[in-house]
Amino acid sequence: MVEAVTRTLCRLPLLLALLAFPSAVFAHRDDQYLQATLVVIEPSAVRLQINLTPGVAVAEQVIAEIDRDRDGAISQNEAAAYAKLLKRDLTLRIDERKLDLKLTASEFVPPAELRTGSGTIQMEFSAISGPLAAGPHRLTLENRHLATISVYLINASQPRFATVQITRQKRNRNQSAGEIEFTFHPFRPKIDESGARP
Amino acid sequence: MNQKIALVLIVLFGTGLNSFAQTNSTPGAPTAGIVAATKKFLATLDDAQRGKVVFDFKDEAQRKRWSNLPTAIFKRQGLRMGDLTKPQREAVLAVLAAALSPQGYEKILQIVEADELLKKSSGETMFGRDEYYVSLLGQPSATEPWMIQFGGHHLGLNITLAGEQRTLAPSHTGAQPAIYELEGKTVRPLGRETDKAFALLSSLNEAQRKQAILDFQMRDLVLGPGRDGQTIQPEGIKGSALTEKQRQMLLDLASEWTGILHEAVAKAKMDEMIKNIAETWFAWSGPTEKGGAAYFRIQGPTVIIEYAPQRLGGDATKHIHTIYRDPTNDYGKKWWKP
Numbered sequence: 015m016v017e018a019v020t021r022t023l024c025r026l027p028l029l030l031a032l033l034a035f036p037s038a039v040f041a042h043r044d045d046q047y048l049q050a051t052l053v054v055i056e057p058s059a060v061r062l063q064i065n066l067t068p069g070v071a072v073a074e075q076v077i078a079e080i081d082r083d084r085d086g087a088i089s090q091n092e093a094a095a096y097a098k099l100l101k102r103d104l105t106l107r108i109d110e111r112k113l114d115l116k117l118t119a120s121e122f123v124p125p126a127e128l129r130t131g132s133g134t135i136q137m138e139f140s141a142i143s144g145p146l147a148a149g150p151h152r153l154t155l156e157n158r159h160l161a162t163i164s165v166y167l168i169n170a171s172q173p174r175f176a177t178v179q180i181t182r183q184k185r186n187r188n189q190s191a192g193e194i195e196f197t198f199h200p201f202r203p204k205i206d207e208s209g210a211r212p
Numbered sequence: 007m008n009q010k011i012a013l014v015l016i017v018l019f020g021t022g023l024n025s026f027a028q029t030n031s032t033p034g035a036p037t038a039g040i041v042a043a044t045k046k047f048l049a050t051l052d053d054a055q056r057g058k059v060v061f062d063f064k065d066e067a068q069r070k071r072w073s074n075l076p077t078a079i080f081k082r083q084g085l086r087m088g089d090l091t092k093p094q095r096e097a098v099l100a101v102l103a104a105a106l107s108p109q110g111y112e113k114i115l116q117i118v119e120a121d122e123l124l125k126k127s128s129g130e131t132m133f134g135r136d137e138y139y140v141s142l143l144g145q146p147s148a149t150e151p152w153m154i155q156f157g158g159h160h161l162g163l164n165i166t167l168a169g170e171q172r173t174l175a176p177s178h179t180g181a182q183p184a185i186y187e188l189e190g191k192t193v194r195p196l197g198r199e200t201d202k203a204f205a206l207l208s209s210l211n212e213a214q215r216k217q218a219i220l221d222f223q224m225r226d227l228v229l230g231p232g233r234d235g236q237t238i239q240p241e242g243i244k245g246s247a248l249t250e251k252q253r254q255m256l257l258d259l260a261s262e263w264t265g266i267l268h269e270a271v272a273k274a275k276m277d278e279m280i281k282n283i284a285e286t287w288f289a290w291s292g293p294t295e296k297g298g299a300a301y302f303r304i305q306g307p308t309v310i311i312e313y314a315p316q317r318l319g320g321d322a323t324k325h326i327h328t329i330y331r332d333p334t335n336d337y338g339k340k341w342w343k344p
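Chains as they are written, first to last, in our numbering: chain A, 15 to 212; chain B, 7 to 344.
Honestly, I wouldn't trust all of these hints.
As the list claims (entries may be wrong) - Mimicking DMTMM-like on lysine to aspartate or glutamate, the simulated pairs with C-alpha atoms at most 20 Å apart in a straight line are: (1) LYS244(B) <-> ASP258(B); (2) LYS216(B) <-> ASP45(A); (3) LYS126(B) <-> ASP136(B); (4) LYS324(B) <-> ASP45(A); (5) LYS244(B) <-> ASP221(B); (6) LYS70(B) <-> GLU121(A); (7) LYS184(A) <-> ASP221(B); (8) LYS324(B) <-> GLU121(A); (9) LYS339(B) <-> ASP62(B); (10) LYS125(B) <-> ASP44(A); (11) LYS216(B) <-> ASP44(A); (12) LYS244(B) <-> GLU195(A).
Hints are computed from structural coordinates only; laboratory data are not their basis.
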């Protein structure tokens with residue numbers, strides 16, 4: 015289910031306070047759009063947990079892509095449209111087979127908070143990888159979203175299932191593209207709650 | 007420890023010298039000592055202040071309300087240091103002094119003082135020693151779980167206590183500027199972390215470096231504030247591929263975070279790390295020449311440490327963020343969560 019949430023009203027006092035401190039740039043990145051992706055590989059699905067944090071100097075460019083009617087709020091339709099835009103710029107493959115991504119969760123902060131450089135948009139996309147054959151597999155992810163202003167992080171999440179074993183990760187220099195090699199062992203049980211592998 | 011600098015920092019932070027003396031008078035402080043210091047702090051407050059500083063231990067929103075960001079951008083709750091009287095601020099510092107090692111306490115004061123300098127250089131009132139907050143989750147107890155939080159810009163200390171067990175995970179340290187002059191001395195709040203990491207890297211042979219050094223840029227912490235519950239696949243060189251001396255160097259580097267807490271519990275954490283050293287990874291990204299702005303990560307079964315210079319402000323070596331986590335026991339949950 016898509017959950018596009020705007021929280022302008024409850025954050026209003028904070029946002030007003032922020033307007034009084036235009037030099038927030040002292041505290042965090044200013045001219046980059048940080049796109050951090052955690053790749054969660056499960057026996058039959060892949061989830062991409064993406065955190066998007068625009069810096070102060072690029073926030074307007076990012077907001078322009080989201081708040082299309084410029085009313086200072088992000089509607090559900092605008093959130094869904096931006097998710098679609100991001101999805102278009104993502105390519106996920108397993109063993110060269112392109113997977114269809116579906117937005118499964120999202121949380122948008124108001125434009126005013128994004129302008130401070132501290133606001134983070136969270137999105138999760140999922141893809142059914144289908145029944146995987148036992149043995150080695152290769153997942154690749156490419157993120158082309160707003161490439162001229164972005165910096166990227168791509169990391170494989172530590173699997174919660176003993177049936178999935180990450181064997182190698184590779185990225186290009188700026189982490190806009192990553193490759194995760196993993197092995198699927200269909201008959202291993204799930205890792206227990208303590209995180210211990212059998 | 008450079009005691010002179012520590013004393014100067016305490017005076018600047020608005021307290022007297024007695025608080026610092028306490029750091030040296032409570033070796034191996036049991037939880038009872040921290041409880042006593044906290045009760046003493048609470049006794050300095052009026053009812054309204056006590057109502058603001060103490061939260062329910064089950065308050066998950068407050069437990070997670072910490073950040074690297076300044077308070078004007080990320081709103082804390084609890085009591086603001088700038089709103090306290092001098093005796094009240096002294097009492098807060100006495101709580102920290104009881105809970106932390108002398109080195110850890112000094113590091114915290116140096117981080118706060120760096121922010122005071124940032125306030126002066128930027129002219130922004132959202133920085134500075136007044137903008138740090140203290141809060142408690144639960145009531146101070148030698149037997150029941152409770153928590154001390156102290157944080158602001160570049161600092162998020164989350165100390166969970168459960169009987170004689172204590173953890174600092176998850177906590178954030180950082181500094182901007184990461185090097186400054188005070189009373190004619192150079193202060194580097196995270197200097198030992200930096201130096202020990204470069205020393206470890208330089209001890210690696212070519213084959214080991216090929217494993218340890220990641221060939222891509224790391225522009226930020228992966229598991230920084232707000233990333234509770236996430237764990238990434240470890241990378242770099244595994245402890246089992248290090249020599250005994252290099253393992254000791256890795257443990258010594260990690261002790262800059264584990265050793266922030268008082269020696270009694272820091273030793274228990276270090277014993278746990280020693281047990282897991284073969285399964286502990288060290289990864290590096292960025293310049294390998296000493297003094298460069300490089301990222302590194304230590305990741306083992308019960309610890310994740312990241313150190314990430316921030317490009318903002320020109321010289322990334324002068325603006326550093328770090329994170330300390332325990333993927334099995336953030337917020338001490340294994341001691342109290344059913």
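For each hint, the structure was consulted:
Taken as a hint, the LYS244(B) and ASP258(B) pair is honoured in the structure, with Cα atoms around 16 Å apart against an allowance of 20 Å. As the CA atoms of LYS216(B) and ASP45(A) are separated by approximately 32 Å, the hinted pair breaks the 20 Å bound. The hinted pair formed by LYS126(B) and ASP136(B) meets the criterion: a straight-line CA distance of about 13 Å does not exceed 20 Å. The suggested pairing of LYS324(B) with ASP45(A) holds, with an alpha-carbon distance near 18 Å, which does not exceed 20 Å.
At most 20 Å may separate the alpha-carbon atoms for a hinted pair to count; LYS244(B) and ASP221(B) meet this at roughly 17 Å. Restraint check: the Cα-Cα separation between LYS70(B) and GLU121(A) comes to about 18 Å, which is no more than 20 Å; the hinted pair holds. Only pairs whose Cα atoms come within 20 Å are accepted, and LYS184(A) paired with ASP221(B) is accepted, the gap being roughly 8 Å. Proximity of LYS324(B) to GLU121(A) is assessed by CA-CA distance (about 33 Å); at most 20 Å being required, the pair is judged violated.
For a cut-off of 20 Å, the pair hint linking LYS339(B) to ASP62(B) stands: about 15 Å separates their Cα positions. Of the pairs offered as hints, the one joining LYS125(B) and ASP44(A) holds, with about 18 Å between alpha carbons and a cut-off of 20 Å not exceeded. For the suggested pair LYS216(B) and ASP44(A), the alpha carbons sit about 33 Å apart, so the restraint of at most 20 Å is broken. The suggested pairing of LYS244(B) with GLU195(A) holds, with an alpha-carbon distance near 18 Å, which does not exceed 20 Å.
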